[in-house]
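Colleague: This is what each chain is made of:
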Amino acid sequence: MITEALIVSAILFVIGVVGVLTRRNAIILFMCAELMLNAVNLSLVAFSKLHGVTGQVFVIMVMTVAAAEAAVGLAIIISVFRHFGTVDLSNLRTLRG
Amino acid sequence: MIAALLPLLLLLPIAGFLINGSIALFGARTDASGARSTARHPVVTVVGPAVMLAAFGLAAALFARMRVGFGAPVVVTLGSWMPVGALSIDWSLQLDQLSMLMTLVITGIGSLIHLFSIGYMREDAGYARYFAYLNLFVAFMLVLVLGASYPVMFVGWEGVGLASYLLIGFWYRERANADAGRKAFIVNRIGDFGFLIAMFLIWQTTQRLDFAGAHAMLGAQAGTSVVLTIALLLFVGCAGKSAQLPLYIWLPDAMAGPTPVSALIHAATMVTAGVYLVARAAPIFSGAPEASLVIVLVGAATALFAATIALRQWDIKKVLAYSTVSQLGYMFVGVGAGAYTAGVFHLVTHAFFKALLFLGAGSVIHAMHHAYHTTHRHADPQDLRNMGGLRQYMPATAGAMTLATLAIAGVPPLAGFFSKDEILASVFARAHGSPLATATLLGIPGSTLLYVAYGIGVLTALLTAIYMTRMLMLAFYGMNRTGEAEQDALHEAPWIMTVPVLLLGILTVAGGWLNLPALMPWGPTGLLESWLAPVTGTSAARLAGTGAHLDHATEIVLVSVAIAVALLGMTLAIVMHRAPIANKADSPVDSSLLARAYGVDAVVDALVVRPMRVVAATVLGRMVERGIDGLFSHGGAMLMRTASLIGTRVQDGDVGKYAWLVAGGALALMAALLVS
Numbered sequence: 000m001i002t003e004a005l006i007v008s009a010i011l012f013v014i015g016v017v018g019v020l021t022r023r024n025a026i027i028l029f030m031c032a033e034l035m036l037n038a039v040n041l042s043l044v045a046f047s048k049l050h051g052v053t054g055q056v057f058v059i060m061v062m063t064v065a066a067a068e069a070a071v072g073l074a075i076i077i078s079v080f081r082h083f084g085t086v087d088l089s090n091l092r093t094l095r096g
Numbered sequence: 000m001i002a003a004l005l006p007l008l009l010l011l012p013i014a015g016f017l018i019n020g021s022i023a024l025f026g027a028r029t030d031a032s033g034a035r036s037t038a039r040h041p042v043v044t045v046v047g048p049a050v051m052l053a054a055f056g057l058a059a060a061l062f063a064r065m066r067v068g069f070g071a072p073v074v075v076t077l078g079s080w081m082p083v084g085a086l087s088i089d090w091s092l093q094l095d096q097l098s099m100l101m102t103l104v105i106t107g108i109g110s111l112i113h114l115f116s117i118g119y120m121r122e123d124a125g126y127a128r129y130f131a132y133l134n135l136f137v138a139f140m141l142v143l144v145l146g147a148s149y150p151v152m153f154v155g156w157e158g159v160g161l162a163s164y165l166l167i168g169f170w171y172r173e174r175a176n177a178d179a180g181r182k183a184f185i186v187n188r189i190g191d192f193g194f195l196i197a198m199f200l201i202w203q204t205t206q207r208l209d210f211a212g213a214h215a216m217l218g219a220q221a222g223t224s225v226v227l228t229i230a231l232l233l234f235v236g237c238a239g240k241s242a243q244l245p246l247y248i249w250l251p252d253a254m255a256g257p258t259p260v261s262a263l264i265h266a267a268t269m270v271t272a273g274v275y276l277v278a279r280a281a282p283i284f285s286g287a288p289e290a291s292l293v294i295v296l297v298g299a300a301t302a303l304f305a306a307t308i309a310l311r312q313w314d315i316k317k318v319l320a321y322s323t324v325s326q327l328g329y330m331f332v333g334v335g336a337g338a339y340t341a342g343v344f345h346l347v348t349h350a351f352f353k354a355l356l357f358l359g360a361g362s363v364i365h366a367m368h369h370a371y372h373t374t375h376r377h378a379d380p381q382d383l384r385n386m387g388g389l390r391q392y393m394p395a396t397a398g399a400m401t402l403a404t405l406a407i408a409g410v411p412p413l414a415g416f417f418s419k420d421e422i423l424a425s426v427f428a429r430a431h432g433s434p435l436a437t438a439t440l441l442g443i444p445g446s447t448l449l450y451v452a453y454g455i456g457v458l459t460a461l462l463t464a465i466y467m468t469r470m471l472m473l474a475f476y477g478m479n480r481t482g483e484a485e486q487d488a489l490h491e492a493p494w495i496m497t498v499p500v501l502l503l504g505i506l507t508v509a510g511g512w513l514n515l516p517a518l519m520p521w522g523p524t525g526l527l528e529s530w531l532a533p534v535t536g537t538s539a540a541r542l543a544g545t546g547a548h549l550d551h552a553t554e555i556v557l558v559s560v561a562i563a564v565a566l567l568g569m570t571l572a573i574v575m576h577r578a579p580i581a582n583k584a585d586s587p588v589d590s591s592l593l594a595r596a597y598g599v600d601a602v603v604d605a606l607v608v609r610p611m612r613v614v615a616a617t618v619l620g621r622m623v624e625r626g627i628d629g630l631f632s633h634g635g636a637m638l639m640r641t642a643s644l645i646g647t648r649v650q651d652g653d654v655g656k657y658a659w660l661v662a663g664g665a666l667a668l669m670a671a672l673l674v675s
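Residue numbers (numbering that gives the first Met the number 0), protein chains in the order written: chain E, 0 to 96; chain R, 0 to 675.
Next up, chain E with everything else stripped away, as it sits in the complex:
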């Protein structure tokens, strides 16, 4: 049971990583990041079967933070869109060192 859950979690995480690495749309990047968070959540829940309830408590914490992050992140994306007229990150290079 844990093995399957972990495999699903790994698949979800890799999808998220590949999405972040390959896509340039900020919204999609954001979604992929959420996907990675949830992949982690899934593995935490799965491990709680072995190591007790701590993992589940931690998942609640992660979800709370993810909600807050979603609020801030979306707000940033909106202001980026208002400023630059695009959310394509390959065009946003103002922070070049």
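FYI, nobody ran anything at the bench for these hints, they're computed from the structure.
A virtual CB, placed ideally from N, CA and C, is assigned to each residue, including glycine.
Be careful, since some hints might not be right.
[To be verified] Covered stretches of chain E (chain R as the covering partner; in silico rule of three or more C-beta atoms under 8 Å from a C-beta of chain R):
| id | stretch |
| --- | --- |
| 1 | 10-20 |
| 2 | 86-92 |
[Claimed, not checked] Residues of chain R clear of chain E, computed beta-carbon distances all greater than 10 Å:
| id | residue |
| --- | --- |
| 3 | Ala14 |
| 4 | Arg66 |
| 5 | Gly158 |
| 6 | Ala177 |
| 7 | Asp191 |
| 8 | Ala532 |
| 9 | Leu619 |
Take the given structure of chain E and dock chain R to it, following the hints.
Modeller: Here is chain R on its own, set in the frame of chain E:
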């Protein structure tokens, strides 16, 4: 009373230094040519010599007080300097008969030279700076002779070295003068190294550094090898400060300074500090007869060596400089042989007549310089070949210089005769029956060495008479070679310069009465001997053994030899320098071995200076610049710059690349965890 007045004696020249120093720094006025100058500054003219005269008055008052009755040396502690565990060094001054004598000489001759300097230096732009340095010198010289312990004395010892450096390089805009100052300083450092090690050894042996304590304990250890080592190391210090072989090389170059400086520092006072140290540390030296023999031999060798060089110098100040080196050698022969009174006696009389000779030379140079300045001719005002017949133009100076020449040549009854004769007689007397005679040095018995030293002393006396008479003849007698037009501009120095010279002339005549021998009872005999007895008497007696007294007949023979030698030398010189000579411009360059001072400077240059330069350049170039600087500072900077270049390439604002890097990093971490 003595304890209260002693610090004041030091404060007077220090006050002079501060006042003149502030004028030099802040009081300069713009003169006609637009340069900043303190020439003829009235405050300097008053303050500079006034503090010296006041110090001399104070010294005289102390002397009068001491004459009334004086027990143990007065030690005044002004404060604590270095309290470190068992080592406790105080700022303490000590007045006893020896330091009183030195103080009188320093402030007395110092006053006269300060007065002379008004005339000599008042047109100089650095007038205030000159007097500030001169006051500073006197302050340190007084610390040197009044210090109650070796460290306090060392403060003065280094301080006079500093003042000497500053004054030799007084006209520092000329490269040669600045170099001469540095040479003096560096050569003196070599001697100071010996002094320092000796001081460490004294501390290690006795746990004391004050004269009274250390001498008492070292006196009890007389004859041991540690006392011998201390004595020899102290003498290294003396050889540096007092220009003995092989460290004399700085003194002839020190003539680059103003002439009154040469008179005060490089003839009368500072260079005699080594002689003073030997007399002061007499309890140490008398406990090490071998060290005393070394002093006698070095002194005798220096006396002869320098005297031969002086035979063929053309610069009037160089003649006097080598003469000073030679006479210092005499003093060391005296104090080395344990005749501390004789050595110090010669120190005092030499201070009189050599200060006179230098000041007289200063007057001559002043006049010559003025003459060439008037006619706008560029010729050497210090070269003897450009002088001649100056007696007609400067009779007072010529008279005083003649007197001083007779004194240094050893003609009775002038000062130099008595002191020189006493040194030679002491050496002769100690060649039999004294601890010095029974000691051996490198297998040679001490009595042989003392007879050799006596022989060298007599030979040097002959040479002294020759070269001094030669100088006198060339400068003041015969035909004038200055030049037709210049002759009208030659004239006697102003009274402020001639009066000190004439006063020194009186001292030169009367100085011998300080310590008349019993053989010539023309007044109270042996005044100085009994005055110094509380300080050096015990040590002198220890080194003299049973050989202190000569019988009457021997003494008469020795005196006759001395007088005969002096007269012979003078006659020889007069005969040799009768023929007229050409002036400097018309003479070929004198490249004889003696004129080049045996080429010692060239040898030192080749053997010491150049190798040191090469080593320094190598260390600086290869090791410091390329090694330390290259590796650490430049290398570090290069590393950081490369790293930052790579960093900026990576950080180009492409968040996609950042994401790749983060993912790559995470994978690498995981791989690392898996592998381990």
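Colleague: All hints are to be evaluated individually against the structure, with a verdict given for each.
Modeller: Going down the list of hints, with the structure as the test:
1. 10-20: holds (count 3)
2. 86-92: Coverage by chain R holds for the stretch 86-92 of chain E (4 residues, Cβ < 8 Å).
3. Ala14: The assertion about Ala14(R) holds, with a minimum of 66 Å to chain E.
4. Arg66: 89 Å, holds
5. Gly158: With a cut-off of 10 Å, Gly158(R) remains clear of chain E, as the shortest Cβ separation is near 61 Å.
6. Ala177: For Ala177(R), whose nearest Cβ neighbour in chain E is about 54 Å away, the distance exceeds 10 Å, so it holds.
7. Asp191: The assertion about Asp191(R) holds, with a minimum of 59 Å to chain E.
8. Ala532: Ala532(R) clear of chain E: closest Cβ-Cβ about 89 Å, beyond 10 Å.
9. Leu619: 40 Å, holds
Checked against the numbered hints listed earlier, the structure breaks none of them; every hint is satisfied.
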